[in-house]
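My numbering puts the first residue of the sequence shown at 1, with every later residue one more than the last.
For the record, the hints were derived by calculation from the structure and aren't laboratory data.
Among the hints, erroneous ones may be present.
Calculated cross-link-like contacts (lysine-lysine; reagent style DSSO-like; alpha-carbon spacing at most 30 Å) [as the list claims (entries may be wrong)]:
| no. | residue 1 | residue 2 |
| --- | --- | --- |
| 1 | Lys499 | Lys416 |
| 2 | Lys417 | Lys499 |
| 3 | Lys14 | Lys378 |
| 4 | Lys184 | Lys492 |
| 5 | Lys14 | Lys492 |
| 6 | Lys416 | Lys492 |
| 7 | Lys66 | Lys52 |
| 8 | Lys184 | Lys14 |
| 9 | Lys378 | Lys184 |
| 10 | Lys378 | Lys416 |
Restraint ranges, calculated between C-beta atoms of paired labels, are given here [what the hints assert, rightly or not]:
| no. | residue 1 | residue 2 | range |
| --- | --- | --- | --- |
| 11 | Ala450 | Ala381 | 35 to 43 Å |
| 12 | Ala373 | Pro6 | 21 to 29 Å |
| 13 | Gln354 | Arg79 | 18 to 26 Å |
| 14 | Val37 | Gln231 | 35 to 43 Å |
| 15 | Ile456 | Arg79 | 32 to 40 Å |
Computed from a prediction, not measured in an experiment: that's the story for all the values here.
Just so you know, even glycine gets a beta-carbon here, dropped at the ideal spot from N, CA and C.
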Amino acid sequence: IVARRPDGALVTHKLLSDNPGRYDDAALAGIRALLGVQDGTAIPAAAIAAVKMGTTLATNALLERKGEPTALFITRGFRDQLRIGYQNRPRLFARHIVLPEPLNGVVYEVSERVTARGDVLLPLDENEARRHLADAFRHGYRAAAIALMHGYRYPAHERRLAELARAAGFTQVSASHAVSPLMKLVSRGDTTVADAYLSPLLARYVQRIERDLPGVRLMFMQSHGGLTSAQRFQGKDSVLSGPAGGVVGVARTALAAGFDRIIGFDMGGTSTDVSHVHGHFERTFDSTVAGVRLRAPMMSIHTVAAGGGSILHFDGARLRVGPDSAGAQPGPASYRRGGPLTVTDANVMLGKIQPEFFPHVFGSAGDAPLDAAVVREKFLALAAEIRSATGGERAPEEIAEGYVRVAVDNMANAIKKISVERGHDVTGYTLCCFGGAAGQHACLVADALAIPRVFIHPYAGVLSAYGMGLADISAMREQAIEDQLEASLMPKLEEALGKLTDSALEDVAGQGVPRDSIRLARRAHLRYEGTDTAVIVSFGPPEAMLKQFESGYQGRFSFLMPGRVLVVEAVSVEATGGGEPVRESLAELPPRRGP
C-alpha cells in the first residue's frame, strides 16, 4: 500500500494478502494501519480523498473456476463452438488432451441467424428465447452471456435478447457487441462469458469495500493500464488488474529516471510478470488466461510460475521449481506455519535474506522473525534424499544455489518471450525490477540475458501500488472494420473513430477529468489479408499507416509481403487524463535501511 499524506509525503505499508484470524480484507486492514485506526473501528472516510486499487480477484476466480454460475446463449448450431475453440495444440505430441474447464455451466441455442453482410436469414424466436431464459433462471442462473453469430457488427438480436434476459430477472447480462465488438466468435464469446462470470464477483467486492469507505472516491486499475471508477469496473477489464499497475509504475518511474527502453521484471510470491516498454505501453487484444481466450485490450504481460513462494521439488533425478506455490497460507517454510521449502527459503539458506533485517511479522502473534533454523533442517533432509537417490554428495548451500539457478532460468526465458522472440535486442535495455522478490534475483537475471543495467526504484517493493497512484483515468473503445486499406475507406474510418472518441471522452469526463485536459490516441489495427496477426499503428493518412505497419511487421517477423492487400481489422480510441505526476526526486525518497 502506498499513501500520500496531506503534506505530499509518501508512506508505504505491506502486509500478507491472506491472514485468517487477524483481518478479513488486507486492503482495508492496511488502510486502517496507515490511518492509525484499530480493527473493528470505523474508518474515517472523510480523511480519504481517493482509493485506487488493483485486485487479483478475477484472475484467481479464473484459475480456480470460482466465478458466478453463467448461462451462455448462442446461435443455434453453435452450442459447442466455444468448447471446440480453434483446435490449437500447445503440446503437439500430447496424446491425452485435457481441455480447460468451461466457465459457463449451461448452453442454450437461440433460433436466429444473421449473415456476415447483415441479411436476416432467421428472425429471433422471442418465445423460444423466453422459455430458455426461464429454464436457466429456474436452475439458479443469474448471469447470462449472449454471443450470436456476427453480433459484433449487427447487434439487433443481441440487444433484444439482453432486454428479455433482464426482464426475466437476470442480474448480470453481458452481450458480445458491448463487451468485445470485434470479430472471431470463439474469443469474442469467451470474453463475453468471462465478463458475465467475473462481474458479479467484482460487484460484490466493490460493495464490501464501499461499505467500509462510504463516500470515498473508489477507483480500480483495469487490465489495459488505466483507472476507472468502481461502478464502471467490468469483469473483462479486471483479469490483469494487479500486474497492470506494475507496468504503469515501472514505465513512469523509469522514464522519469531517463530510461526509455525497459524490461519490467515483477517477481512476487506466486509468479513473475515480465513486460516490455519502449516509449509506450505494449498492449494486446488477444490473450489467453487460465485457458480462457480474451479479446479485450490488456497490457502485454508474460507470466511464469516462479515467485518467492514457488515450491522446490526433487523428483528423484532433477531439481524443479514450481509451478505450485506455498501462497500466503502456509507460506514458505521460514514463515513459521509448517510450509514447504520455496525460493524464498533458498535465499534464506544462502544468506541473501537475513532474518534480522526482514520484517518480524511471523508466528502466531505476528511479531517473530523468519525461521532460518527450520530452513537449514529441511535442506539437510533434502540433501540426504538427493544423496540416497543419486549417490551424489552436495552441501545444502549447493542445493539451494541450484534451485535459484533453475528459477532464474525460468524467469530469463520468460523475458526472452516478450523481447528476443519479438525482435528486440535486450542488450540495449534496462532491467527494471520490482515486487517483493525481484531484488534478490535482479543481477542474476540480467547476467543471464546480458542486460547491462538494472534499475531498482526505492519503492520497488510496492511499485504496483505506486503505479496505480500515478496512473491515468482511462477509457478504451474499439470497433471491428474488416475492410481493405485504401483512400475510399478513410471517411468510414473517420466516422467510426468519431463515435468511439465521443464515447471514450464522455466516459473519462464523467469521472471528473476536465474535458480540455483529456488526451486522445486514435489507432488502426492492420494486418495482411489472409493472416490473423494485426499490428497496431497510429491513425493517419494511408501512406503513413502503411509505413508504420511495415516497420512494426518487419521488426517482429523479419519479412514483408509486398503487394499483399492490407486489411483494417479494427479501429480503437484511448482517452486518458487525470493521472498523478512523478513528483519525487531522489533527495526526497526514504533513506535505505539495514546494513
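Structure-based check of each hint:
Between Lys499 and Lys416 the CA atoms are separated by roughly 39 Å; this puts the pair beyond 30 Å, and the hint is violated. Taken as a hint, the Lys417 and Lys499 pair is broken in the structure, with Cα atoms around 36 Å apart against an allowance of 30 Å. Note on Lys14 and Lys378: the hinted pairing holds, with a Cα-Cα distance of about 28 Å set against a maximum of 30 Å. Distance restraint check for Lys184 and Lys492: the Cα-Cα separation of roughly 21 Å lies within the 30 Å cut-off, and the hinted pair is therefore satisfied.
With a C-alpha separation of about 51 Å, the suggested pairing of Lys14 with Lys492 is violated against the 30 Å cut-off. Under the criterion of a C-alpha separation no larger than 30 Å, the hint pairing Lys416 with Lys492 is inconsistent with the structure, at around 39 Å. Restraint check: the Cα-Cα separation between Lys66 and Lys52 comes to about 25 Å, which is no more than 30 Å; the hinted pair holds. Taking the CA atoms of Lys184 and Lys14, the gap is near 42 Å; set against the 30 Å cutoff, the hint is violated.
A C-alpha spacing of about 51 Å is found between Lys378 and Lys184, which places the hinted pair above 30 Å, so the restraint is violated. Distance hint between Lys378 and Lys416 is unfulfilled; the C-alpha atoms sit about 33 Å from each other, more than 30 Å. At roughly 37 Å, the beta-carbon separation of Ala450 and Ala381 lies within the given 35 to 43 Å, and the hint holds. For Ala373 paired with Pro6, a C-beta distance near 45 Å fails the hint of 21 to 29 Å.
Separated by about 59 Å at the C-beta atoms, Gln354 and Arg79 break the suggested range of 18 to 26 Å. The hinted range of 35 to 43 Å is not satisfied by Val37 and Gln231, whose Cβ atoms lie roughly 26 Å apart. Ile456 and Arg79 have their C-beta atoms about 52 Å apart, which leaves the hinted 32 to 40 Å range violated.
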